[in-house]
Each structure stands twice: as C-alpha cells, then as structure tokens.
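Protein sequence lines, in the order shown, are assigned to chains A and B. Residue 113 in the UniProt record's numbering sits at position 113 of the first sequence, and the numbers go up by one each step. Residue 12 in the UniProt record's numbering sits at position 12 of the second sequence, and the numbers go up by one each step.
Hints were generated in silico from the structure; no laboratory data involved. All C-beta atoms, glycine included, are put in the ideal place defined by N, C-alpha and C. Wrong hints could be hidden among the right ones.
[To be verified] List of simulated lysine-lysine pairs, BS3-like, C-alpha gap at most 25 angstroms:
(1) 140/A / 129/B
(2) 43/A / 129/B
(3) 141/B / 46/A
[Said to hold, decoys possible] For each label pair, taking beta carbons as the anchor points, the in silico distance ranges come out as:
(4) 206/A / 209/B: 34 to 42 angstroms
(5) 146/B / 193/A: 49 to 57 angstroms
(6) 176/B / 142/A: 31 to 39 angstroms
(7) 120/B / 193/A: 35 to 43 angstroms
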Amino acid sequence: MAAKPKLWYFRGRGRMESIRWLLAAAGVEFEEEFLETREQYEKLQKDGRLLFGQVPLVEIDGMELTQTRAILSYLATKYNLHGKDPKETGFSWIESSCCFVRIDMYAEDTLDLMMMVVVAAFKPPEEKEESLASVVKKAKTQHFPVFEKILKDHGEDFLVGNKFSWADIQLLEAILMVEELDASVLSDFPLLKEFKTRTNNIPTIKKFLQPGSQRKLPPDNHYVKVVRNVLQF
Amino acid sequence: MAAKPKLWYFRGRGRMESIRWLLAAAGVEFEEEVLETREQYEKSQKDGRLLFGQVPLVEIDGMELTQTRAILSSLATKYNLHGKDPKETVRIDMYAEGTLDLMMMVALAAFKPPEEKEESLALVVKKAKTQHFPVFEKILKDHGEDFLVGNKFSWADIQLLEAILMVEELDASVLSDFPLLKEFKTRISNIPTIKKFLQPGSQRKPPPDSHYVEVVRNVLQF
C-alpha cells in the first residue's frame, strides 16, 4: 500500500495551502511535518531534500517535489482534476489540451490573487493594509467578474468541461480567502455565490471546511515571526 | 494548414521571452503584434481578448491563451518537450519553475529605481551562483547525460540556457565554477533551431532598456 503524501511546511497557509486544498478535495489523506526552527530547515537543505533550498516540499510516489506550481500540476493530473486524459483523446491538442490549458489559466489566476494575500502578511502594517485592500479591489474588478461570466456563458456547475477540476478548488479557496478580508465581496456575483455553496457541499470539501481538519488559519504575527526566523529575512 | 501562433506583447523580453524561446527551439514559426500604446491595450481588453486583463496573450489553434505558465506548460506538451510520463513532467516543471523565478527577478528589476535595481540584479547573480546553477551542475554530473531530464531535449533545457545567457549578461564569469554547465551551454546553443534563434535578426529580444520600461509603464499605467 502506498505511503501517504507528506507535506513539509510551516504551520500556516503560505504556499502550501493550495496543495492541502487539492489533496483534501481529492479525498487523499496526507501527513504533515511542521517547520518551526532554523535547525530543521538547515537539516533539510543539508540532506539535499530541497531542490533550490525552498519549501513547500511534498514527498509523494517516491519523489521529493518542490516548486508549488509543479506540485499542484502533478497532483491535479494524478487525481484526475486536470481535464480529459490526453491518452483518451489521442493527444489531440484541441480535445485534451483545451481543457488542460483552460484549467491552468484559471488556476494560475486565482493562485496569483492568493499569493498577494500570502505576501502581504510580511509587509509593514500600513503597506499590508494597502495590499489587502488592493486584493479585494482586484478580486471584485479583475478576477471575479471573469469567473462569473464563465459560469454564465456555459451555465454548467463547474468551470471547465462540465467536470470538477483543480480550477474549481482554487476558485473556492480564493473566494473564501477574499471573503475573510471583505465578507460582502460576492454581493454582485450571484453565480459565484451559488458556485460557492455548491462546491462547499462536495463531501470531501465539506469535511475539509470543518474545524479540526488540516486546513490552516490566516497568517498571524506568530506565523510571520516563525517564517522570518526560519528563512532568515 | 494551421495559422501560425500569434504573440501579443511589448517589444521586449518581459514575460513573453520564455515563450519565444520555447517556440523557436521547437522550430515553430510565429508572428508578433507589438503593444505600444494605451489605446491598443484598452481595445484588446474591451474586445475581451485578455482573460484577466493581462498580457502575454498567445493566439494558437483557435484559442486565446493568457497566464505565462499556463501557456508555457501547454506549448511544452504540444511540442513534445514535456517528458514521457508524469514523473518526468514534474521534474521538468520543477527545473523550469526554478529558472523562470530567477529570470522573473531580472524582468522585475528593470522597473525599480536605479539603486534598488542594481541591488536586485546583484542578488540575481548571487542566487544563480549559489542556489540555482550548483543544482543543475550536480544534476548533469549525477546522470552524465546531455539533457536535464530523461536523456531527451525538453523545456527544462531551453529555460536553463535562456537563464544562463541572461545571467551572463549581468556577470560574464558566472559559469566559471560550473564546467558541465559550460559544456551544456555550448551543446544546447548548437542545436540548429536554437543556433538560429541566437543569430542577429531573429525574434529574440534585447535586455530591457529605459525606453522599454517607459512604454510598459505608459501602456499598463503604473
């Protein structure tokens, strides 16, 4: 029986949270090792486990994976959340890649938005407030209108190919993250509201949203302090 | 016959250069529309061509693609430069992400005030020498093959060459401690499609200068 994937990161969201969401939504149990000290980090580096000296690190299928997007892409494909299998469609560009690339485009976009929130935590207070306000504004004017229109145009339950995918998981994660900054952010987006309810109720996701799951909290001062201490910046 | 891919971007490297490299290395001819004015940009937004209001934009096979990494990943797959199975694909992705991060630092540094820019570029050279190039030197040493992954030319090799040349523009001696990377550079530079791309008159773009920065600031208004 295959070992469970193992995640190496700080005890917080950062660049690992989207990976946790993906695994949880796919119903995959995973273990976590938490980085708390500089010594642990230096040991990981010395043991040659961090390709470019960076976390996230995910141990899976006998590999040690780093680079957030590489990990997400691998997991999405592995757990059938990345569109039609190219082998099914004879590697036809239009048939298979169109879904693949569309999922990637949407996921990249929501990831960019969420990374702004991650990075904001490390800024001085006034800059941080400004950054977070900018995230809410971008969500309302640049990101959410696009997803609202996508859902409106095809009238389906999921963003791509009428099938639950990585793009849907990331969009839900982004919606919830922005709502933590401004609870009214979906007020002009009725289809996104429905999407949120519908996706929240997918059993694996519903479970992940309950207290006691491996979902992490928004970054607080303690988290920022630990990260700065371990990565020394 | 399929139309050639069409690239929408500024007349410079930025986030489009890695896409140009990939297409050129794959021997794919492409056209370019150059973004020069705010009006062009606003028109392409109004026409709904920029999914999230951003460039790069690549028109290919009847689709309009944005998001640099999504574009690169799908082109790598399309042109058989993305490994033979998921385990090779993820290694290629890891290496490509690493070099892309390094090159994005250079792209962003162009927009900083002079002292900060110098600092940023010095940091790029330092990171290349201590964090990135040693890793690739070791990969090549450990398997003794010509290419980074699976003994076959891939997207990871193209990106590494692009990154090496970019960092050499900042510090010509940056490969002095990396004999295998020097050989890699020579070998990959001599691949016919790449050799062609490296010649003057190709669609390869020069490093960002103040004119480029001015145009981008003006068009994107920041």
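Hint numbers the structure violates, sorted upward? Per hint list: 1, 4 and 6 violated.
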